[in-house]
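> Listed here are the chains, written in short residue letters.
There are 2 protein chains.
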Amino acid sequence: MPFQLGSPALDAVPIRLWRRLITRRLKMSDTGLLSYPDPRGDLGLRQALAGYLGVSRGIACDADQIIVTAGYCDSLSLICRTLLRQGDESWFEEPGYFQARYMLEAAGVVLTPIDVDDGGINVDLGRSKAERAQMAVVTPTHQSPTGVSLTLPRRQALLEWANDNESWIVEDDYDSEYRYRGRPIPALKSLDRTGRVLYAGTFSKVLFPGLRLAYLVVPPSEVVRFGETLSRYGHGCPQLPQAALADFIRDGHFARHLKRMRALYAQRRGYLQRALQTALSDRLSVELQAGGMHLLARCVGEERDVELAERAKGAGLKVEALSTWFADDTDRAGLLLGFTNIASEEDAIRLVSELKRAFDD
Amino acid sequence: MPFQLGSPALDAVPIRLWRRLITRRLKMSDTGLLSYPDPRGDLGLRQALAGYLGVSRGIACDADQIIVTAGYCDSLSLICRTLLRQGDESWFEEPGYFQARYMLEAAGVVLTPIDVDDGGINVDLGRSKAERAQMAVVTPTHQSPTGVSLTLPRRQALLEWANDNESWIVEDDYDSEYRYRGRPIPALKSLDRTGRVLYAGTFSKVLFPGLRLAYLVVPPSEVVRFGETLSRYGHGCPQLPQAALADFIRDGHFARHLKRMRALYAQRRGYLQRALQTALSDRLSVELQAGGMHLLARCVGEERDVELAERAKGAGLKVEALSTWFADDTDRAGLLLGFTNIASEEDAIRLVSELKRAFDD
Chain R
15 MPFQLGSPAL DAVPIRLWRR LITRRLKMSD TGLLSYPDPR GDLGLRQALA
65 GYLGVSRGIA CDADQIIVTA GYCDSLSLIC RTLLRQGDES WFEEPGYFQA
115 RYMLEAAGVV LTPIDVDDGG INVDLGRSKA ERAQMAVVTP THQSPTGVSL
165 TLPRRQALLE WANDNESWIV EDDYDSEYRY RGRPIPALKS LDRTGRVLYA
215 GTFSKVLFPG LRLAYLVVPP SEVVRFGETL SRYGHGCPQL PQAALADFIR
265 DGHFARHLKR MRALYAQRRG YLQRALQTAL SDRLSVELQA GGMHLLARCV
315 GEERDVELAE RAKGAGLKVE ALSTWFADDT DRAGLLLGFT NIASEEDAIR
365 LVSELKRAFD D
Chain H
15 MPFQLGSPAL DAVPIRLWRR LITRRLKMSD TGLLSYPDPR GDLGLRQALA
65 GYLGVSRGIA CDADQIIVTA GYCDSLSLIC RTLLRQGDES WFEEPGYFQA
115 RYMLEAAGVV LTPIDVDDGG INVDLGRSKA ERAQMAVVTP THQSPTGVSL
165 TLPRRQALLE WANDNESWIV EDDYDSEYRY RGRPIPALKS LDRTGRVLYA
215 GTFSKVLFPG LRLAYLVVPP SEVVRFGETL SRYGHGCPQL PQAALADFIR
265 DGHFARHLKR MRALYAQRRG YLQRALQTAL SDRLSVELQA GGMHLLARCV
315 GEERDVELAE RAKGAGLKVE ALSTWFADDT DRAGLLLGFT NIASEEDAIR
365 LVSELKRAFD D
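So the protein lines, in turn, are chains R and H. First residue of the first sequence? That's 15 in the numbering used here, and the numbers climb one at a time after it. First residue of the second sequence? That's 15 in the numbering used here, and the numbers climb one at a time after it.
With the rest of the complex left out, here is chain R:
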């Protein structure tokens, strides 16, 4: 559906290349592809990821620290099983990614919502509300859903808090690859000198979600404990796509694909931004952030975002209401609109006019 969040451009997935890589791996007739996979993930993929993370995200880690999972929620579940106990507390961004919220609550974690402002999560507020929390789950590069970046002083303050309390930080770096202005920000993990940060990445946003592959980087001190959890509960991910993905990264396709996507998304973001500004500036004000895969458009007037999103949905447009990403009541109203699958200026104009019509109906 148009405006869907978090989906990559499906018309730009390198499907022919992917087919070739899968076919090549299939032809190798490697019986390793048939057996129970290593629950930590394919070694070749983990090595390729270690290389990628070093170059692109400033993260020094080796393959031993990397675990391949079936998605971010799978990564979270693994973290909870390994590091937390029922009733342990975690900071959670307010607003924040609801799927992670569900998963953490199901795992018995008590979440304390910590407000996000223009500089990202308010660490001082976190300390005053829940100094002794065992964990903080954050999206430092592009906060989900506001898109703001966590400032450097806040990054340092967050790490300091985690050190003081021996708490864990989960860095969800879901779409860090997409940044359209300024220099890429290294991951929070790259500043982590004491091994408090668990870094979570995914291929759902950068390749395609149907792949169902994500990964987790754990501190060296926790490798053994995570290994124990995996040997008890891990079933591992299918081997074939992991092997093909390792080739995709190693052969340089991944870096080229990301470069292409960055240019494409910058363009598509522009299409949507201009169309909204032209047609809906009396109701919506777009806050352009440095990166991400969607726009946040604040409601200018007194309209309820939930109602606007409902009307859009009625017209087949998958716009989300900002307020539903809050755990507590909020008066902050806005709409979240994915732009990755808007293929042209004309497309954007047409979709925005459909949106306008839906609002007015």
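FYI, nobody ran anything at the bench for these hints, they're computed from the structure. There's no promise every hint is true.
Between beta-carbon pairs, the in silico distance windows are [stated by the list, open to error]: (1) R:D131 <-> H:R34: 51 to 59 Å; (2) H:T208 <-> R:A269: 35 to 43 Å; (3) H:L57 <-> R:R197: 43 to 51 Å; (4) H:T208 <-> R:L302: 53 to 61 Å; (5) H:G266 <-> R:A269: 41 to 49 Å; (6) R:Y194 <-> H:G46: 24 to 32 Å; (7) R:G101 <-> H:G46: 35 to 43 Å; (8) H:G46 <-> R:R346: 31 to 39 Å; (9) H:R99 <-> R:D178: 31 to 39 Å; (10) H:R346 <-> R:D78: 38 to 46 Å.
Chain H regions said to be covered by chain R (calculated; three or more residues, Cβ under 8 Å) [what the hints assert, rightly or not]: (11) 237 to 251; (12) 348 to 359.
Glycine residues also receive a C-beta, built at the ideal position from the N, C-alpha and C atoms.
Position chain H against the provided structure of chain R, taking the given hints into account.
The following block gives chain H in isolation, referenced to the frame of chain R:
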């Protein structure tokens, strides 16, 4: 490793056919393969499974009741999330499948071990030990690990208990397809008139474990609740292998493959049985059951099975000790030996003589 349990014959996986099916699906360039998959699983696969289960396992169900998962443990986790609360109680076979034990305990389920004898789990004992349990997890076709089948009176008694208490029964039918004498026993689920049974199957044993695909049949009354759990926590399994697997079943390959495997495994079971009888009958007595993918050989003398298994492991032979499959202390000693990857009479003789040497060293 030789004697490994629960692995299908890796030399008999129809890898060329599988490659062809994967390639064919890849060529279709279906963007459905790229998007977030339906968390319930590929509709085509679920339809194919409904047909297969009707014909082969006597289970009348439709695709709506079927959920594709990443493995049996994933199915269990889904059941716990949907139907149980922290601290709920479940019967668990004694001895029983330890991986399931870990998973249930991690989900906060309190397990009551219920003895298994020649007729399967002792239902009367279950009622006297834990009448009010919310669940029972059983392997009725070939009990894991003893291989015995749950008798018909016990099946009826188990269903009656579940009805009386509105409890759930999880039927783990992991290798029911492999039965070497007598007629196939229909699934316990086929006798379930009131919708108390959750039926769990897997493709790890009948196709190959690296596939990471399994499934769950839920009662019609619970379809909506499971759907809610999935929409909260489900991420779905990769699309491509699901689509290829649907073709594999629909085009009749699955039925043919099973038929071939049944003949092959009957043969390989014979190899191992005869080799054990010839070389080790002074120490081990093989209890031949009607089906399964491994043999249970009871210790004839006073030897500790854990010690024998340790010695075997030292010689690179992956034999398991029966006593480690018990939650409580037990004096029942025996060894579990997988036969699926023993390719010839000579292989069996060689491996058993290695085993004998390891015992004697």
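> Each hint needs a verdict: does it hold in this structure or not?
So, going through the hints one by one against the coordinates:
1. Look at D131 of chain R against R34 of chain H: about 56 Å separates their beta carbons, and that is inside 51 to 59 Å.
2. One distance hint, 35 to 43 Å for the beta-carbon pair T208 of chain H and A269 of chain R, is violated here, with the actual separation near 57 Å.
3. Restraint check, L57 of chain H to R197 of chain R: a C-beta distance of roughly 45 Å satisfies the suggested window 43 to 51 Å.
4. Between T208 of chain H and L302 of chain R the CB atoms are about 58 Å apart, so this pair conforms to the stated range of 53 to 61 Å.
5. The hinted range of 41 to 49 Å is satisfied by G266 of chain H and A269 of chain R, whose Cβ atoms lie roughly 44 Å apart.
6. Remark: the range hint 24 to 32 Å for Y194 of chain R to G46 of chain H is upheld by a beta-carbon distance near 29 Å.
7. Between G101 of chain R and G46 of chain H the Cβ separation comes to about 41 Å, which falls inside the hinted range of 35 to 43 Å.
8. A hinted range of 31 to 39 Å for the beta carbons of G46 of chain H and R346 of chain R is consistent with their spacing of about 36 Å.
9. Against the hinted window of 31 to 39 Å, the Cβ-Cβ separation of R99 of chain H and D178 of chain R comes to about 36 Å, which satisfies the hint.
10. Checked against the given bound of 38 to 46 Å, the beta carbons of R346 of chain H and D78 of chain R, roughly 39 Å apart, stay inside it.
11. Beta-carbon proximity to chain R at under 8 Å applies to 5 residues in the segment 237 to 251 of chain H; the threshold of 3 is reached and the given coverage holds.
12. Proximity of the segment 348 to 359 of chain H to chain R, defined as three or more residues with a beta carbon under 8 Å from a beta carbon of that chain, is not established by the 0 residues found.
Violation of the numbered hints given earlier is confined to hints 2 and 12; the remaining hints are satisfied by the structure.
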